[in-house]
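Novice: Got chain A; can you put chains B, C and D on it based on the hints?
Chains as they are written, first to last, in the numbering used here: chain A, 9 to 378; chain B, 9 to 378; chain C, 9 to 378; chain D, 9 to 378.
Derived by calculation from the structure, the hints in this document are not laboratory data. Just to be clear, a hint being listed does not mean it is correct.
One copy or two, it doesn't matter: identical chains are merged, so the pair holds either way.
Straight line, CA to CA, 27 Å or less: simulated DSSO-like cross-link-like pairs of lysine-lysine [as the list claims (entries may be wrong)]: (1) Lys-360 with Lys-89; (2) Lys-124 with Lys-89; (3) Lys-378 with Lys-281.
Here the structure is a predicted model, which means the values were calculated and not measured.
Number of protein chains: 4
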Amino acid sequence: MSDLKETNISEVPYIHIFGRTGRVKQPLPLFFNGSGIEVKVTGSELWIELETDSDNLEPWIAYEINGALFGRQMLLPGKHKLCLFRCLEPSEPKTVRFYRELQAVSEDDSNRVLVKSLHTDGEFLPTESYPYRIEFIGDSITSGEGTYGYVEDTVWVAMYMSASINYATMTAKALNADYQLLSQGGWGVYSGWDNDIRHNIPSVYEKVCGLASGPINESLGAADDYDFSFNPHAIIINLGTNDSTAFNTPPFTDPDTGITHKLRRNPDESHVKEDIMLIEDAIVSFLKMLRRHNPDTHMVWCYGMLGYDLTLPITEAINRYKIENNDNNVGFLGLPNTLPGEYGAHMHPGPKSHERSAAVLTDYLRQILK
Amino acid sequence: MSDLKETNISEVPYIHIFGRTGRVKQPLPLFFNGSGIEVKVTGSELWIELETDSDNLEPWIAYEINGALFGRQMLLPGKHKLCLFRCLEPSEPKTVRFYRELQAVSEDDSNRVLVKSLHTDGEFLPTESYPYRIEFIGDSITSGEGTYGYVEDTVWVAMYMSASINYATMTAKALNADYQLLSQGGWGVYSGWDNDIRHNIPSVYEKVCGLASGPINESLGAADDYDFSFNPHAIIINLGTNDSTAFNTPPFTDPDTGITHKLRRNPDESHVKEDIMLIEDAIVSFLKMLRRHNPDTHMVWCYGMLGYDLTLPITEAINRYKIENNDNNVGFLGLPNTLPGEYGAHMHPGPKSHERSAAVLTDYLRQILK
Amino acid sequence: MSDLKETNISEVPYIHIFGRTGRVKQPLPLFFNGSGIEVKVTGSELWIELETDSDNLEPWIAYEINGALFGRQMLLPGKHKLCLFRCLEPSEPKTVRFYRELQAVSEDDSNRVLVKSLHTDGEFLPTESYPYRIEFIGDSITSGEGTYGYVEDTVWVAMYMSASINYATMTAKALNADYQLLSQGGWGVYSGWDNDIRHNIPSVYEKVCGLASGPINESLGAADDYDFSFNPHAIIINLGTNDSTAFNTPPFTDPDTGITHKLRRNPDESHVKEDIMLIEDAIVSFLKMLRRHNPDTHMVWCYGMLGYDLTLPITEAINRYKIENNDNNVGFLGLPNTLPGEYGAHMHPGPKSHERSAAVLTDYLRQILK
Amino acid sequence: MSDLKETNISEVPYIHIFGRTGRVKQPLPLFFNGSGIEVKVTGSELWIELETDSDNLEPWIAYEINGALFGRQMLLPGKHKLCLFRCLEPSEPKTVRFYRELQAVSEDDSNRVLVKSLHTDGEFLPTESYPYRIEFIGDSITSGEGTYGYVEDTVWVAMYMSASINYATMTAKALNADYQLLSQGGWGVYSGWDNDIRHNIPSVYEKVCGLASGPINESLGAADDYDFSFNPHAIIINLGTNDSTAFNTPPFTDPDTGITHKLRRNPDESHVKEDIMLIEDAIVSFLKMLRRHNPDTHMVWCYGMLGYDLTLPITEAINRYKIENNDNNVGFLGLPNTLPGEYGAHMHPGPKSHERSAAVLTDYLRQILK
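One chain only, chain A, in its complex shape (with noise of 0.2 Å):
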């Protein structure tokens, strides 16, 4: 590694960089799973460096070349010089994508993966452009969890989650779209599935990295207020199932206000009226947050991966806020439930779910992007 020169991340001439990122460009940190860098690269080999911190949930990375995955491994705290490719024609252009297979942390303030720099005995190319930008907005299923592991597997561990086998990168793969992930396992549109409704998306959108607390992460850009740069063709809001779960979870007592929250069943079990109300209101707010961030865009919830009980309010929060606000470039598009025999690890939908949802989901984009 001796001969290779060393480029700041910030100063590699062409670089794609996925994910959302705030005002620190050197290091890059990669908040998100999903969030990387591409590059294109001659030269026989190319080097990461990065350094990572975290407690319990360690990120994990993945990368590929010419799109195509050949390592995925946990970075556990500390300095890292990974080789991403060695050996290789030093004539001929690799397309490298390096990305962050862990979902954003919302537990552990520590948490973080910064890439430092680049080193390459090879010329930095021009990437390839993506001509469609998307951006999926969701909970455990958009951080890919249960991907990995053995069916039977029911701990919550930071190595299932994943980018790498995600139906969010198989659909912008498909579209060869840029794309970038926000998402939160356990958490809702209006109720994390404990019923802690702070744990709400919404709360947390309009941050760069809005999940990632603490000092640190501070100084990294994460809370301060996202520049909306991105400007998506199309955002997915893939959320609903755990506010659905709530109906079926003991109430929760919020520690900071002693205010207990339970979103109820009647007695013949169906949803009590003002606590689907309450995530009406939440949905029409978001899609209002959104808008109001994205004016061009089209957005379109996504549900049923994992269950079809929250459909009808969810549709009636879209409808509602489609009339208040007469916006026509709103949608909802149902996705298959994962089958029996399609699960994967901790009850969370495995590869042959992400690849149907994909599916639809590619169809459904290809004719709103055309």
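Specialist: Here is chains B, C and D on its own, set in the frame of chain A:
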């Protein structure tokens, strides 16, 4: 055939009849695609005696032994004796299903398939019982249009339609359910594809077979009020595709009233709100009608196999119905659009699309029915 | 049908005939499964006039328009006028293929399918030409036995056999090839499954249809020497499965000669060498016969769809033939065994097994034919 | 990691070792792709300590928990402590397999992967037992070349090879079998792809790892005679593909002997008989060698995943071996060629091709092993 015993169809000791029937049981009219008979019979040979009539849309029929399709053929006007099997092991019971492939025909008063008798050297045994009953209401998708035929075939003929390759039949078989179909190509919940508002399914739902007209069909009981004795566990309503098309087709002037009908788009291509309201009102009314006749049935509106254009209006109407009628036993299920390469003839869903939707719908119903 | 023009089958100006035929062209006998006719015709309607006879194995036939299967039905003894299409757009050319599903019948002298004429209001156009010609020689696998029927059906009846779901037809279609079949369930290259050595395919190969006997078939030219005018680019010989079975079945005494035949196993279950030599000699002789009549044809022996028991003896024989005759234009292709869950009726390969073998064979032939 | 207990690999109380090993058990060398260890362990955390060295072909390794792949990465020269899992439920037993992805390296004496110890806070439990043992002998196909990488990638590097996506591993897993691999890209049974006849697998078969040379590998026992303690139920020999290629490549002059080698074609493109005999003799000799060391093992030669060119000569040799040695416990299995669209990198079989061949081979072995 001379030494076979003939039994009038109404006198077969054990028989399962698929599809709506009215007061006439001898001969037994098969009004809809999927309408048919099933017997379990010993003996070496089984024949069915039929009488059919038709104009340009000749009936096609199909037959299965022990669940496997063997034959499919057209029946031109006249009397027919069809051999359903011969030379089989006499002592072994065979389950034979014979059914109509062609949808009910609303354009030709002569069209009919009448089952007169069975001839066999075996004995009729009690038929298998079906633990579930499902009703499917739809348009050309539910009529199986295009499930037979080459992908570039574009005329509209009887041989393209089927119950044998059809998401409804696939779903019923997967659930081991009795089922009945009521469908008509080109019709909608409010308007036909060509803005002919007479072509709405609710207007014919309450008759035994409101799609079949004329004195002969009347004499067969088609015009009688249906007694709703089927009492299905679930009703699938797969309508809206033609209502959607009517926004893109020319106005239609009703020859009876002289009134011109047209579902309109705004200059920005969005649907004119009042016209959408016509469809939504029709959906609400239809759901009320369905509930009136099927008080305990789960009703699920399915939509998407040929595009998602009306997803939000349909869900808006279902939500309105649900709230106004305080009825929680109703749902919406988005079915995946037919993907490129999966079309059958006449730009309709091909076998793969029917299979995928059947898998999604089967999974949905399994959770409802348990 | 009154205003359609009848054309004797021998006078149809453009017609493609599939399968071996002899001197009789009017009416045209369809001797083998896959034997049939193809025309390209305008007009709204097309009928075919047939005469058939049979005893317990009634002929089944199928027909396709523009490559898509529409109908499949049995034909009981008598004269038939079948409508192949009606009400189609008159100006558009339709390619129609009509063919026999049932193998040649060696047990019933009466069995026959005779095509007498076509009736249409359209014009016959030149048929599509097929760049390749392929001959398939086989047993029940090539007769499509079990491709129709329920997996637990075990009797041996006509309706189980087909050319419509058959690796041979699939391969020919994939290669856009003309093809002919010569096959017989239960027969081998040396011995039938029951040690009846009269049931060997080489003994009938040189006649037009040596499987069809009796005065009527003789008058149709079945017993005439075949003129080998087909001149295929490739011959597929899919034999050996029944020779293998004969090692496991009781001895057979030939009623004509009084001689008892039995392919034997050693105490350790291996094949008795002399008996294997009988099979190998038969293979060598058959290859020589095939070569004599088809000097430039690639010959490939295919084996495996129902077990691998004779793989080594078959290749031993092919190698011997190859060396002794200095003939390099011969090969062996192992076809994958039918996997659990892929069986059709009567313990024979089902559609999936036929599809996989067709894909393997198509790939093989593509390289030979280029 | 400080509070974990380190156990030397040779002292782990229960461990399953995959792949051939020699006298050195501490550290444990992993010579071949697929070589690895498996433990069943409680505890929250498991680490593996390794030492590796290499030149241009760096080792890649992979690891699985409960049968699901989690990580795959390269190991550059040095000492490594890899975390295989952490933060898992301590009381629950986890089955962890860690294995080498890179084939044995015959070009680089330094190449090695040494397992030194495991570190865990859990207890080792008895490992699952495997009822069957299978040995795979092959070339680049069995080295999994091209199972990773983009289809247009054409250089020859370590990261393209694997045991994780490999018909051999898939077959062993489907049969719940212990297995070992012995393979080398570019090598044949008689000659390498480039006519270098030193590159023949039989010449290295009798050593522990005859492919790994030099003093270090010698000190690890690689050059020792293998004790053939594995005693497999079946040996799969998948060789011949490179022998076939040598007919199409330039002559090779052995630098040691000065002799030039070339497998030749006749003017009509057929193989020169004497050269084919060299291959056939090599096959016969190799089968005798295999039988000498594995007296009760079923031996099956598999061939076809990259073309069928030598099918007949291979079977000729097997038949000769079988007769000359009166050995019936040997077979030939044609594997399906890689179909268009199923290639991986470097014009080698991709995942779909490996899956299909694994299904065919699994079915074959199931019948042998029962």
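Novice: Look at each hint and say if it fits the structure.
Specialist: Verification of the supplied hints:
Taking the shortest alpha-carbon separations for Lys-360 and Lys-89, neither the intra-copy value of 34 Å nor the inter-copy value of 34 Å comes in at or below 27 Å. For the identical chains of this complex, Lys-124 and Lys-89 are neighbours both inside a copy (10 Å) and across copies (23 Å), given an alpha-carbon limit of 27 Å. Taking CA atoms no more than 27 Å apart as the test, Lys-378 paired with Lys-281 passes between copies only; the shortest distance there is 25 Å, against 39 Å inside one copy.
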